[in-house]
Structures are given as structure tokens and as C-alpha cells.
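Chemist: Take the sequences, apply the hints, and build the full model.
For the record, the sequence lines run as chains A and B.
Take any residue in the first sequence, note its place counting from 1, add 5, and you have its number in the numbering used here.
Take any residue in the second sequence, note its place counting from 1, add 5, and you have its number in the numbering used here.
Read the hints as simulated data drawn from the structure, not as lab findings.
The structure presented is a predicted model; accordingly, all values stated were derived computationally and were not measured.
Among these hints, one or two may not hold up.
Using C-beta positions, here's what the derived DEER-type ranges look like [unchecked claim]:
| id | chain 1 | residue 1 | chain 2 | residue 2 | range |
| --- | --- | --- | --- | --- | --- |
| 1 | B | Pro51 | A | Ala196 | 18 to 28 Å |
| 2 | A | Ser83 | B | Asp146 | 33 to 43 Å |
| 3 | A | Gly53 | B | Asn133 | 13 to 23 Å |
| 4 | B | Asn133 | A | Lys78 | 38 to 48 Å |
| 5 | A | Met6 | B | Asp146 | 32 to 42 Å |
| 6 | A | Gly53 | B | Pro51 | 24 to 34 Å |
| 7 | A | Tyr143 | B | Val134 | 39 to 49 Å |
| 8 | A | Asp43 | B | Arg38 | 42 to 52 Å |
| 9 | B | Pro51 | A | Pro129 | 23 to 33 Å |
| 10 | B | Asn133 | A | Pro82 | 40 to 50 Å |
| 11 | A | Gly53 | B | Met63 | 47 to 57 Å |
If we take Cβ atoms under 8 Å as the criterion, some of the chain B residues that face chain A in the derived model are [unchecked claim]:
| id | residue |
| --- | --- |
| 12 | Ser66 |
| 13 | Ala70 |
| 14 | His107 |
No residue lacks a Cβ here, since even glycine has one placed at the ideal position from N, Cα and C.
2 protein chains.
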Amino acid sequence: MIRLFHVPLSPFCRKVRLSLAEKKLEVELVEERYWERDPDFLRRNPAGKVPVLRIDDMILSESAAICEYIEEKHPTPSLMPNDPEGRFEVRRLVSWFDDKFHHDVTSNLLYERVNRKLTKSGYPDSKNVKAGSKAIKYHLDYMAWLLDRRRWLAGDSMTLADFAAAAHLSSLDYISDVDWNRSAVVKDWYAKIKSRPAFRSLLADHVSGFPPPEHYADLDF
Amino acid sequence: MIRLFHVPLSPFCRKVRLSLAEKKLEVELVEERYWERDPDFLRRNPAGKVPVLRIDDMILSESAAICEYIEEKHPTPSLMPNDPEGRFEVRRLVSWFDDKFHHDVTSNLLYERVNRKLTKSGYPDSKNVKAGSKAIKYHLDYMAWLLDRRRWLAGDSMTLADFAAAAHLSSLDYISDVDWNRSAVVKDWYAKIKSRPAFRSLLADHVSGFPPPEHYADLDF
Chain A
6 MIRLFHVPLS
16 PFCRKVRLSL
26 AEKKLEVELV
36 EERYWERDPD
46 FLRRNPAGKV
56 PVLRIDDMIL
66 SESAAICEYI
76 EEKHPTPSLM
86 PNDPEGRFEV
96 RRLVSWFDDK
106 FHHDVTSNLL
116 YERVNRKLTK
126 SGYPDSKNVK
136 AGSKAIKYHL
146 DYMAWLLDRR
156 RWLAGDSMTL
166 ADFAAAAHLS
176 SLDYISDVDW
186 NRSAVVKDWY
196 AKIKSRPAFR
206 SLLADHVSGF
216 PPPEHYADLD
226 F
Chain B
6 MIRLFHVPLS
16 PFCRKVRLSL
26 AEKKLEVELV
36 EERYWERDPD
46 FLRRNPAGKV
56 PVLRIDDMIL
66 SESAAICEYI
76 EEKHPTPSLM
86 PNDPEGRFEV
96 RRLVSWFDDK
106 FHHDVTSNLL
116 YERVNRKLTK
126 SGYPDSKNVK
136 AGSKAIKYHL
146 DYMAWLLDRR
156 RWLAGDSMTL
166 ADFAAAAHLS
176 SLDYISDVDW
186 NRSAVVKDWY
196 AKIKSRPAFR
206 SLLADHVSGF
216 PPPEHYADLD
226 F
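Modeler: Next comes the structure, spelled out in C-alpha cells:
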């Protein structure tokens with residue numbers, strides 16, 4: 006049995022959930038309030054963060070390494086291109102979303118609006134929220150630039166790069182922080198990925214105290 | 006000709022330099038003062054950061070993706086294990102150093118003491134420096150725990166994980182922020198990696214306004 010210790014709106018956990026689901030690997034989800042620093046959890050993962058995946062008798066942390074491991078052990082359907090250049094582009098974009106987008110957008114919007122309340126660490130800092138709202142426009146435009154040239158973010162097939170991006174955007178969409186009217190190609194891309202069976206578990210998430218907007222789970226948003 | 010746009014003490018650039026040198030790929034180093042946001046540089050790399058590598062007529066950014074690309078195109082000598090479990094552990098540790106160690110230690114020490122002065126953005130924040138000095142002890146202990154069980158950080162052979170760690174520690178050693186007396190196994194590990202020909206270019210670095218301590222380039226430190 007595969008078990009994933011996660012929090013529902015974490016984009017890093019969502020990326021792993023999407024990878025597992027796309028490969029039809031059944032997983033038991035265990036919500037882990039990592040900020041409470043449960044000693045059992047810290048023993049499993051000295052970095053003290055989620056996701057943590059128990060699979061093949063191993064306990065894995067770090068979402069990028071986890072997704073590459075899943076890909077190598079379960080290569081079908083493939084989420085990585087066959088050529089080194091294609092794989093480079095996927096890894097570059099995964100880092101782009103998990104480092105830069107995360108720093109510029111996710112941490113300023115999702116962490117301010119949701120995580121602060123969940124972890125009881127004060128009120129949202131409006132300066133950060135404003136910076137995040139500004140930065141997401143630039144990132145949506147960059148995605149539109151890529152999608153004007155390619156069917157999917159890293160090329161002509163769907164890859165881990167699309168899952169990394171969709172993981173961040175779906176968490177932000179849960180709190181209505183994505184303006185889908187900004188770019189038609191980005192909206193089309195999200196509609197395509199949102200309608201995949203792998204996405205269903207994400208669309209069923211409900212975080213206590215934060216009801217999702219109606220459009221969140223609607224495939225015709 | 007391979008060209009690397011870099012700054013000398015950036016651990017991300019150093020990791021790429023070590024990978025290239027270990028594989029005996031000659032590289033032209035171009036110092037890039039990325040914080041001055043030169044338009045030519047931003048055109049090459051919209052993330053506006055280093056390293057940026059020009060190789061095989063491609064322009065590559067994101068150090069983890071760059072190192073995997075170099076590894077795939079030039080697999081000998083190998084810096085990645087052959088089994089998925091071994092590769093997972095390498096990628097986990099690369100993320101550990103480039104995310105967690107970077108956040109806890111490098112950004113608090115190197116960026117406060119050096120980057121602030123270089124980029125003319127004020128004086129070191131002593132609170133951060135104190136936090137970094139405390140955190141590096143915990144990280145050195147974690148490395149010692151790993152090295153008590155393994156010849157190299159990720160297993161029995163030298164990998165990208167060792168280069169990621171050595172890249173951070175060598176930059177910190179340049180400003181005398183590593184206490185090599187804390188752990189004999191960590192010191193032995195660093196002595197081994199420091200004496201490799203691939204390390205020579207790093208040991209020859211000189212940053213104007215920041216002369217390195219005598220022990221920095223000394224193989225018998």
C-alpha cells in the first residue's frame with residue numbers, strides 16, 4: 006500500500022498526487038499537520054515538511070525527487086520526454102514553478118491567506134498579498150507565451166511540468182486567486198488538465214474553514 | 006564552446022562548475038552581475054538569475070536541471086547511481102542542500118555577509134547571521150550522521166549530492182563560516198572532495214573586497 010502524508014492545498018503534495026493518479030497507483034492519503042511537529046512525523050522526515058511518501062518499503066521526501074522516482078519505477082504512461090533536451094525543459098519548468106512561482110506567487114497568496122490561519126500565525130500581510138497578485142499576472146503571461154508555441158508547457162506531450170504548474174494554480178484557484186480571463190490559451194490548458202481523471206481527487210478537497218468557490222470543481226469554469 | 010554565466014561564490018554555479026570539470030568539459034566562465042539586471046542577460050534567462058549555461062546551442066537555466074542534462078549527455082564519469090533508489094537519494098539530497106541548507110544557512114550567512122555588500126543592499130542583519138551560525142551546526146551533524154553510514158553522502162560513490170553539498174560549504178568556507186572541527190568524518194569528506202582536480206577552479210576564486218582566508222585553498226586545512 007502506498008501512503009502519502011500531505012496537506013490538501015500544498016502544491017508540492019498535489020504534484021505528487023497527480024503523478025500517482027495519472028499512473029493509476031492507488032494511494033492512501035494521510036493529512037499531516039506538519040507545523041505541529043509531531044515526533045513520529047519528524048522521525049520519518051527530518052526536513053519536517055510534506056509530502057512524505059511511503060512506497061516500496063521506502064520513506065521518501067522532496068517532491069521533485071519523489072516524482073522522478075515514481076516516473077522511473079512506473080514509466081507508463083510517461084510524464085517525461087525521451088530525449089535529454091526534452092527532459093531538461095521539463096525539469097527547468099518544474100523548478101520554475103516550485104522555486105520562482107512558489108516564491109513570487111504561492112507563498113504570497115496561499116500562505117498568507119490560508120496557511121497563516123491554519124497554523125495560527127497571525128493575519129495576512131497585505132503587502133505580500135499585493136505582491137503575489139501582481140506577480141501571478143506575469144507568470145500567467147509567461148505560460149501563455151509558452152502555450153502559444155506548444156501544446157503543453159514543456160512540449161507536445163503532457164509532462165511533470167504541467168503537473169507542477171497545475172498543482173500551484175489549482176491551489177490558488179481554490180481561493181479564487183487565478184484570473185482565468187487573462188489568457189485563453191492558459192484557460193484552455195487548465196480545462197484540459199482539470200478534466201483528467203487524475204485531477205478528481207484534488208477537485209474533491211475541502212479544507213475546514215475555507216469552502217472552495219463554486220467554479221473550483223466545475224469542469225466548465 | 007561551453008560558456009557559463011555565473012558569480013564566483015554562488016553555490017548553484019559552483020555545483021555546475023564541479024559537474025563540468027569532473028567530466029572534463031572545458032568551460033568559459035563569464036561573471037554575471039545578475040542583480041544589475043542587464044537586458045541582454047534577462048533575454049537569455051527570464052528568471053534573472055545565475056547559473057546560465059550555453060551548451061550544444063542551447064541556453065540553460067536552473068542548476069538542478071542543468072546538472073541532470075550534463076549527466077545525461079556526458080554520462081562518464083558518472084555522478085548518478087544506476088538504480089532508481091540510488092538516484093532518488095541523490096536527488097533528495099541535492100534538494101536538501103539547495104532548498105533547506107540554502108534557506109537555513111547559505112542565505113543567512115553568505116548572502117548577509119557578502120551579497121548585501123556586493124549588491125549594495127545594506128548591512129548584514131545580525132539576527133539572520135546568528136540563525137545561520139546556529140543552523141549550520143545541525144546540518145553538519147546531519148552530514149556526519151550520513152557519512153558514518155556511507156563513504157559519500159548518497160551512498161558508496163561520489164555523486165551530484167556531494168557536489169551540491171560541497172558547493173555550499175566551499176562558499177561558506179571562503180568566508181570562514183564552517184567549523185571543520187565539529188566532525189572528523191565531515192572534514193575527511195571535504196578533504197577528499199577538495200583535493201579533486203575538479204575543485205581547483207573554485208579554490209582559485211577571488212572576490213574583490215573579500216580576500217579568502219589562508220586555509221580556503223589549502224588541501225591540508
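Chemist: All hints are to be evaluated individually against the structure, with a verdict given for each.
Modeler: Each hint tested on the structure:
no. : hint                            : verdict
1   : B:Pro51 - A:Ala196: 18 to 28 Å  : holds, 26 Å
2   : A:Ser83 - B:Asp146: 33 to 43 Å  : holds, 40 Å
3   : A:Gly53 - B:Asn133: 13 to 23 Å  : holds, 20 Å
4   : B:Asn133 - A:Lys78: 38 to 48 Å  : holds, 40 Å
5   : A:Met6 - B:Asp146: 32 to 42 Å   : holds, 33 Å
6   : A:Gly53 - B:Pro51: 24 to 34 Å   : holds, 32 Å
7   : A:Tyr143 - B:Val134: 39 to 49 Å : violated, 32 Å
8   : A:Asp43 - B:Arg38: 42 to 52 Å   : holds, 45 Å
9   : B:Pro51 - A:Pro129: 23 to 33 Å  : holds, 28 Å
10  : B:Asn133 - A:Pro82: 40 to 50 Å  : holds, 45 Å
11  : A:Gly53 - B:Met63: 47 to 57 Å   : violated, 37 Å
12  : Ser66                           : holds, 6 Å
13  : Ala70                           : holds, 4 Å
14  : His107                          : violated, 10 Å
Figure legend: structure checked against the earlier numbered hints; hints not met, in rising order: 7, 11, 14.
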